[in-house]
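Protein chains in written order, with the working numbering: chain P, -2 to 374; chain B, -2 to 374.
You may find that some hints are simply not true.
Intra- or inter-copy, both count: the list cannot distinguish identical chains.
[Unchecked claim] Below, simulated BS3-like cross-link-like pairs (lysine-lysine); rule was C-alpha separation at most 25 Å, straight line:
hint : residue 1 : residue 2
1    : 95        : 292
2    : 266       : 135
3    : 95        : 247
4    : 88        : 367
5    : 182       : 88
6    : 182       : 135
7    : 363       : 25
8    : 200       : 367
9    : 247       : 284
10   : 175       : 266
11   : 363       : 95
12   : 135       : 95
No wet-lab data here; the hints were simulated from the structure.
Number of protein chains: 2
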Amino acid sequence: MNILDIPTPALILDRERFMNNIAHMRDKLADFRIPLRPHLKTCKSVQAARHILDGQPQSITVSTLHEAEYFLAAGYTDILYAVSITPNKLKQIQNLQKAGANISVILDDLEAANMVNEEAIRLGTVIPVLIEIDSDGKRAGLTADAPSLLNVARQLQEGPGTTLAGVMTHAGGSYYCKSTEAISKMAEQERNAITSAAARITKAGLPCQIISMGSTPTALFAENLNGVTEIRAGVFVFHDIVMRSLGVCKTSDIALSVLATIIGHKTDKNRLLVDAGSLALSNDRGKPIEDGSYKMGQIVDVETAEPYAGLWIDSTNQEHGLISLEHSNYTFNDFPIGSQIRIFPNHACITAAAYPQYYVVDGSDKVIEKWDRCNGW
Amino acid sequence: MNILDIPTPALILDRERFMNNIAHMRDKLADFRIPLRPHLKTCKSVQAARHILDGQPQSITVSTLHEAEYFLAAGYTDILYAVSITPNKLKQIQNLQKAGANISVILDDLEAANMVNEEAIRLGTVIPVLIEIDSDGKRAGLTADAPSLLNVARQLQEGPGTTLAGVMTHAGGSYYCKSTEAISKMAEQERNAITSAAARITKAGLPCQIISMGSTPTALFAENLNGVTEIRAGVFVFHDIVMRSLGVCKTSDIALSVLATIIGHKTDKNRLLVDAGSLALSNDRGKPIEDGSYKMGQIVDVETAEPYAGLWIDSTNQEHGLISLEHSNYTFNDFPIGSQIRIFPNHACITAAAYPQYYVVDGSDKVIEKWDRCNGW
C-alpha cells in the first residue's frame, strides 16, 4: 500500500525515526545503568511496545486500566498504573491480578491509603502501592518533606490490604523549562525529591524498593541518576512539536504525523483547507511559535516529512484545518485540491488517541505495517 | 446500574434534557415549516438519531464517511456529507451508493468540480453535489456574489459525472456573536447569502433544489427563513458551555457530561484532582469565563447536575484534571477521595468523540440505556 492510498485523516508512524528514538533513550540510560519502565500511554500499541521493550526488562507504565488489560493480554505482567488509585477501581485491579498481572498503583494521601487498604481487605487481595512524590508543584504528590509522608508509608506497609512498594515522581515541570540546561536542573530537582523521600522512608525502618522518576525531557537531560532505580518516559518514542520547542528533539526525530488531504482553496482569504481538524489533530495548543501565536500542527511534505516553511494549521473546526499561505512563499498551485500533506502534532500522545491504528512507513512512501492502539478507558 | 457504579471517566447523557432539546428545535422550525436535516456529527449514535428523527423526514448530515457508513447500515439513506469532497474519496462514495445511499457531497471550487466529474466518470457513477456558500468569512465556500459561482454550477450540472443538487452554507460565525440579537442578525446574513446564491443559479437557468443553511445558534434565533428548504444543526441535542455562553441554552439544557472520580487532594495547593484530563474532556478551550480565564469544563453534582459555584476544571494533563477550590466556598471535605462529580464540557461534539458509548440516565442516578457512537474516520 502506498501512503497516498490511505483514507485521510490517518496516523502515520515513521519506523526508522521511532527506532532511532528508542535507541537514543537506551544509549542515554545505559550510561547510568538505569532500567527504563516505558510509559505506554503515548503509543498504546503492543506492536510498538515490542520494539520499545526488545531485549529490555519487560516492565511497563500505563495511564488507564484499559491499557493495563490490553498489555497484560499481550504478555506484559509487570505494570505500574501511574494515576492515583481510588477504592472504586480496586475490583478492576484485582481482576488484573487474577489474570496474572503484577500491578502496582500509586497514591499520595493518608485517607486514600486507609480506604485502599480497607477495600483490598474486603476484596481479599493485597495491592502493592508506590507513594507519589511532588517534585515540581505542578500536579500531584506529597513533597519529600511532607509531615504525612511517613504516616502514609507506615499505613501502606502495615495495612494488610497493601504493601509499600516504593516512591515515584513525574517532573512535568520540565515541559516549562526554557533551555536544556534548565531541564538538566529540573532532572536534578526531580532526583533530589525522590531520593530524599526514599531516604526518609528507609531511615524510618520501612522498605522502599522502587525509586522511580521520569519524563522524556528529564530522562534525556539528566546528568546524575544516583539513587534512582528506574526511569519512566513515554513521548520520546514519537517526539512532537512541544519536545522540539524544548530542545529535546530535532525536527528529523519527529516520528508521528497526521496524513491529510487538501480539500479547499479559499482564494479570497489566501488559505488552504484540509480534512484534519480538532478531532484529527486534537486541540492541544502546545507552545507558541516564534511570533507568539499558537498553531495546531506543522505542515510537512507527504513523502519526505520536510517542513514547508511558514505553513501551520492556524485553526481548526471539528473536521476542518485552516492553513494560511500568508507568511510563506507557497501558492495554491503547490497544493492542488485532492493532494496530500502530513502534519506534525503539537502533542503526540493526545493526537494519537483519536486513531485506532498507525500506518507504519519506513522512510519512503510505502506502508509496511499497521499497528493497533487501545484508546479509551 | 447506578451512575456511581460506572467506571470513570465516562460519558453521561441525560435523556430528559436531550428529548427537551429536540422538542425545542422542532417547535422552532415548525413555526417556519422548514424541515431539519440534523447534523449527526455531534451524537454519532444510531440510538440518539432515532429520537432526533422520530416522526420527521429521515434526512441526515454527516461529517465523516465513517458516519455515513454507520448511519446507512442503520437504514438512513438520505445523507449529506458536509465536508468538501475530493477525488480520492469518491470510491467510498460510490460504495455507499451501491449499498443504497442517496448521498450528496459539497465543494466550492471549479477545479474540484472538474476533478470530481472526471473521477466519477472513471468510476462509472454520478454524484449529486451542493455548492458550499460562504456566509460569514470563517471557513469555506464561495461568496454569493463570487464570479466563479455560475461556472461551478454549470460544470456540476453539465458534467456527466455530477449533478447540481443545490447550495448549502454554515454560519459558524454565529459562535462569535455577542448577543442573541447578533445571532438573529447572523441568521439573516446566512439566509441572505444562501438565497442570493440560489437566485443567481436559478436565474442562469440552472436547477437549485436544495437551499440548506444552519448552525445551532442561527437555527434557534432565526426570525425569517424564507427561501430556505432545510436547516442543519447538530449540537442543539446536547448543548454545552459554549452554547450557554452564547445565550443559546440554559444550564438546565446541558444534557451531556463526563463522570469522573476525585482521585486526589492536593492540600498545599488547595486543589482537587480528578481522573478526567485532556483525553476525557478534550482540549477545546471554548470561551473565557467572566474573569477572562479559560476553563476546561464546569463541575456539577453527580446526581442533580447542579453546578458547584466557582468550581471548574482549571487545567488538564492526559489523564488528570485539576480543580482549584480557591474561588469557591467548598473544602476537601465536600469531595472525598473516591467520590464522583460530573463535568459539563466546553464543546460537546469534541468531548464526546473520546468515548465509544453514552450511559443514558433519566433525571435520577439510574443508568437506563447505553447508546453507542461511531468515532474516527
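These are the hints, each one checked on the structure:
1. 95 with 292: Neither: 46 Å inside a chain and 40 Å across chains, both beyond 25 Å.
2. 266 with 135: between (41 Å within a copy, 9 Å between copies)
3. 95 with 247: neither (44 Å within a copy, 47 Å between copies)
4. 88 with 367: Cα proximity of residue 88 and residue 367: across copies only (22 Å, versus 33 Å in one copy).
5. 182 with 88: So residue 182 and residue 88 fail the 25 Å test inside a copy (40 Å) and across (55 Å) alike.
6. 182 with 135: within (16 Å within a copy, 45 Å between copies)
7. 363 with 25: Answer is neither: 31 Å inside a copy and 52 Å across each miss the 25 Å cutoff.
8. 200 with 367: neither (50 Å within a copy, 52 Å between copies)
9. 247 with 284: Close inside one copy (16 Å), not across copies (34 Å); limit 25 Å.
10. 175 with 266: between (35 Å within a copy, 24 Å between copies)
11. 363 with 95: For residue 363 and residue 95, the Cα distance exceeds 25 Å both inside one copy (42 Å) and across copies (30 Å).
12. 135 with 95: neither (35 Å within a copy, 55 Å between copies)
Going through the hint list in order, the structure does not satisfy hints 1, 3, 5, 7, 8, 11, 12.
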